[in-house]
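Those protein sequence lines, which keep their order, are chains A and B. If you're matching positions, the first sequence starts at 1 in full-length UniProt numbering and goes up one per residue. If you're matching positions, the second sequence starts at 1 in full-length UniProt numbering and goes up one per residue.
No lab work stands behind these hints, which were simulated from the structure alone. Just so you know, not all the hints are guaranteed correct.
No distinction is drawn between identical chains; accordingly, a pair holds when it is met within one copy or between any pair of copies.
Quick list of in silico lysine-lysine cross-link-like pairs, PhoX-like style, CA-CA up to 25 Å [claimed, not checked]:
(1) Lys307 <-> Lys209
(2) Lys40 <-> Lys216
(3) Lys209 <-> Lys40
(4) Lys216 <-> Lys307
For clarity, every value in this text was computed on a predicted model and none was experimentally measured.
Protein chains: 2
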Amino acid sequence: MSHGIELIRRHVAEYIEQRDGHKANWQDICLTAGASNGIKHVLELFCNKVDCKPTGIMIPIPQYPLYSATLTEFGIGHIRYYLDEDKGWALDINELERSFTDGSKTHAVRAIVVINPGNPTGQVLKRGNIEDIIKFAHKKNLLIFADEVYQANVYDKDSKFFSFKKVMTELGAPYSCCALASFMSISKGYTGECGLRGGWMELCNMDPKVQEHLYKAMSAMLCPPTIGQIVCDCVAKTPCCGEPSYELWEKERCAVLDSLKERSEMIVQAFNGMKGFKCNKVQGAMYAFPRIELSSKAVEAAKAAGKAPDVFYAFKLLEDCGICIVPGSGFGQKPGTYHFRTTILPQKPLLKEMLDTFQKFHQKFSEQYP
Amino acid sequence: MSHGIELIRRHVAEYIEQRDGHKANWQDICLTAGASNGIKHVLELFCNKVDCKPTGIMIPIPQYPLYSATLTEFGIGHIRYYLDEDKGWALDINELERSFTDGSKTHAVRAIVVINPGNPTGQVLKRGNIEDIIKFAHKKNLLIFADEVYQANVYDKDSKFFSFKKVMTELGAPYSCCALASFMSISKGYTGECGLRGGWMELCNMDPKVQEHLYKAMSAMLCPPTIGQIVCDCVAKTPCCGEPSYELWEKERCAVLDSLKERSEMIVQAFNGMKGFKCNKVQGAMYAFPRIELSSKAVEAAKAAGKAPDVFYAFKLLEDCGICIVPGSGFGQKPGTYHFRTTILPQKPLLKEMLDTFQKFHQKFSEQYP
Numbered sequence: 001m002s003h004g005i006e007l008i009r010r011h012v013a014e015y016i017e018q019r020d021g022h023k024a025n026w027q028d029i030c031l032t033a034g035a036s037n038g039i040k041h042v043l044e045l046f047c048n049k050v051d052c053k054p055t056g057i058m059i060p061i062p063q064y065p066l067y068s069a070t071l072t073e074f075g076i077g078h079i080r081y082y083l084d085e086d087k088g089w090a091l092d093i094n095e096l097e098r099s100f101t102d103g104s105k106t107h108a109v110r111a112i113v114v115i116n117p118g119n120p121t122g123q124v125l126k127r128g129n130i131e132d133i134i135k136f137a138h139k140k141n142l143l144i145f146a147d148e149v150y151q152a153n154v155y156d157k158d159s160k161f162f163s164f165k166k167v168m169t170e171l172g173a174p175y176s177c178c179a180l181a182s183f184m185s186i187s188k189g190y191t192g193e194c195g196l197r198g199g200w201m202e203l204c205n206m207d208p209k210v211q212e213h214l215y216k217a218m219s220a221m222l223c224p225p226t227i228g229q230i231v232c233d234c235v236a237k238t239p240c241c242g243e244p245s246y247e248l249w250e251k252e253r254c255a256v257l258d259s260l261k262e263r264s265e266m267i268v269q270a271f272n273g274m275k276g277f278k279c280n281k282v283q284g285a286m287y288a289f290p291r292i293e294l295s296s297k298a299v300e301a302a303k304a305a306g307k308a309p310d311v312f313y314a315f316k317l318l319e320d321c322g323i324c325i326v327p328g329s330g331f332g333q334k335p336g337t338y339h340f341r342t343t344i345l346p347q348k349p350l351l352k353e354m355l356d357t358f359q360k361f362h363q364k365f366s367e368q369y370p
Numbered sequence: 001m002s003h004g005i006e007l008i009r010r011h012v013a014e015y016i017e018q019r020d021g022h023k024a025n026w027q028d029i030c031l032t033a034g035a036s037n038g039i040k041h042v043l044e045l046f047c048n049k050v051d052c053k054p055t056g057i058m059i060p061i062p063q064y065p066l067y068s069a070t071l072t073e074f075g076i077g078h079i080r081y082y083l084d085e086d087k088g089w090a091l092d093i094n095e096l097e098r099s100f101t102d103g104s105k106t107h108a109v110r111a112i113v114v115i116n117p118g119n120p121t122g123q124v125l126k127r128g129n130i131e132d133i134i135k136f137a138h139k140k141n142l143l144i145f146a147d148e149v150y151q152a153n154v155y156d157k158d159s160k161f162f163s164f165k166k167v168m169t170e171l172g173a174p175y176s177c178c179a180l181a182s183f184m185s186i187s188k189g190y191t192g193e194c195g196l197r198g199g200w201m202e203l204c205n206m207d208p209k210v211q212e213h214l215y216k217a218m219s220a221m222l223c224p225p226t227i228g229q230i231v232c233d234c235v236a237k238t239p240c241c242g243e244p245s246y247e248l249w250e251k252e253r254c255a256v257l258d259s260l261k262e263r264s265e266m267i268v269q270a271f272n273g274m275k276g277f278k279c280n281k282v283q284g285a286m287y288a289f290p291r292i293e294l295s296s297k298a299v300e301a302a303k304a305a306g307k308a309p310d311v312f313y314a315f316k317l318l319e320d321c322g323i324c325i326v327p328g329s330g331f332g333q334k335p336g337t338y339h340f341r342t343t344i345l346p347q348k349p350l351l352k353e354m355l356d357t358f359q360k361f362h363q364k365f366s367e368q369y370p
């Protein structure tokens with residue numbers, strides 16, 4: 001089955017119904033070879049011009065670079081909106097309006113990408129924020145790409161994951177009629193089966209003719225990997241209380257998520273304890289995205305080396321102590337600010353060692369470029 | 001690893017060296033999520049215009065519809081060349097010249113697709129024919145897409161599989177410098193692991209900058225499924241004589257291939273014994289592609305039903321006896337001729353039953369539309 005085994009699509013629909021408390025239609029769920037694969041297929045729908053204007057899609061800055069890479073591949077304009085670092089990387093509606101207005105000068109803006117929980121920024125959007133985004137998308141007639149692959153990865157006690165589907169449905173008409181594509185993956189959560197390539201997408205309120213074309217285009221690649229599909233089934237239909245494997249499953253699930261939570265706190269605390277660093281809480285997902293102050297001496301040295309300042313810093317760190325971070329310029333950041341992404345995935349003892357080494361490196365670096 | 005696990009890429013290079021007797025560079029081998037996935041990535045390289053002309057790619061008619069679908073998706077012109085049914089579906093160089101000349105009027109023709117062993121046509125190209133195709137491609141400066149996924153599926157005792165890489169290398173300069181992309185799959189051969197999505201491609205003489213871009217674009221999809229990669233390893237590095245699993249493996253491999261060979265003969269014999277059918281030998285691959293005469297009465301009835309004549313026939317067959325064939329118009333065929341594709345995959349007793357039922361249906365159909 002090109003769009004996934006029917007039984008598994010039905011189980012995914014049940015998972016979504018249980019998660020949101022609202023009906024999900026299994027025919028609108030399509031299994032994919034990982035979330036990236038589904039995202040790419042839906043992005044491709046937008047590669048035509050509209051009234052002679054090239055199309056554009058709104059993407060967050062910072063963003064997971066799959067979006068910028070794929071938009072470039074398909075010749076679709078990047079309509080950038082900045083996340084609000086001072087408000088825990090929330091989406092600011094005025095900034096969305098600014099981005100849309102600017103983008104519309106050159107492009108037919110057709111869709112908006114929202115990553116929640118955030119990658120690389122680790123925020124979990126508040127329900128009110130999601131409502132505002134949906135109202136904005138409805139007003140501008142945008143399809144919403146809800147990248148919700150980290151929906152099981154929420155650590156902060158004051159945060160809760162709300163799916164765009166749920167919030168949209170509960171807002172009622174006319175907002176419940178927004179076009180929405182939501183993406184999920186087996187590579188995240190407590191599963192972490194990246195190499196098996198599995199995921200799904202749910203399409204809501206998509207024009208049936210468009211959906212038919214999308215399904216047809218996807219069928220040229222025959223089917224998503226069967227093993228990835230089976231893991232989708234495991235993610236969607238977890239053991240129930242009373243079933244033989246329930247206790248072990250629950251124990252392992254909690255252990256993975258609790259440990260991630262601990263590590264997310266550890267990493268934020270460590271960076272905020274270092275001079276020149278400022279790190280928002282990791283409310284969810286798998287990354288910290290600290291901001292770092294670089295002295296004018298460091299910026300000059302980077303320039304002389306032909307590198308962006310954050311890239312220069314990342315290379316120094318790698319060369320000096322073998323720690324690999326991804327510089328913020330790979331995700332985009334406000335001009336003049338510097339960040340990097342680091343994961344919370346290393347096990348605790350290794351993470352502790354890494355943070356100690358990092359601290360020493362930074363001290364040395366600051367002395368070298370005061 | 002976005003292009004496959006290094007060890008497996010090295011094993012694939014060794015497989016190719018053993019197959020061809022010539023050096024293969026593991027860095028030029030890239031593991032993919034099935035051959036289709038690799039083919040699609042390489043086709044995408046051609047979606048730009050050249051000197052204001054849209055690009056075009058030569059594809060065989062009949063052809064596996066992945067090519068026509070993907071070319072349409074990327075806005076690349078279909079430059080069709082007809083396979084020569086009377087010569088066992090060989091490629092006729094005059095026809096290639098005709099196709100190139102016609103195509104060049106409207107398109108910048110940049111590449112040629114050759115499927116060997118053929119899908120849906122089941123031919124295995126003779127070495128001399130391959131030499132002529134390479135010389136033609138060299139003269140016209142075309143990249144060769146060698147779709148060689150059925151390389152292990154050769155049944156005819158007078159046929160032998162020669163890879164384009166081998167023939168090109170042995171032709172020597174300047175032909176050995178042709179740009180070539182060859183594709184392989186774990187879904188065919190004696191393995192038949194379609195659902196795991198695995199395959200590889202070997203790139204020869206590709207401009208290093210182009211290859212770098214291709215590898216970069218592919219890395220946006222992270223990696224091919226690991227299980228599919230592991231099966232690639234099994235296909236590339238088979239048990240050696242003397243190893244514990246060698247005998248069982250050899251026995252099973254031969255049993256699968258011998259049985260396919262038997263079935264390929266059975267199906268051709270059955271169709272050639274039926275009035276109005278003419279079926280070339282199935283030299284390789286997994287399909288028969290018989291030609292069928294349809295009476296003017298049948299053609300009229302199809303027209304009245306709003307269907308192509310071969311589609312009309314296929315629907316009647318399906319509705320009357322539950323046998324599913326793919327009408328030739330799905331693959332392309334010379335105007336005024338009618339074909340269909342049927343696989344040699346059903347097990348012998350089922351295949352025999354199917355052929356008997358088919359024969360009775362055809363007799364009835366011929367009486368109904370004399």
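A quick look at each hint next to the structure:
no.	hint	result
1	Lys307 <-> Lys209	between (48 Å within a copy, 22 Å between copies)
2	Lys40 <-> Lys216	both (15 Å within a copy, 15 Å between copies)
3	Lys209 <-> Lys40	both (19 Å within a copy, 24 Å between copies)
4	Lys216 <-> Lys307	between (44 Å within a copy, 20 Å between copies)
Checked against the numbered hints above, the structure breaks none of them.
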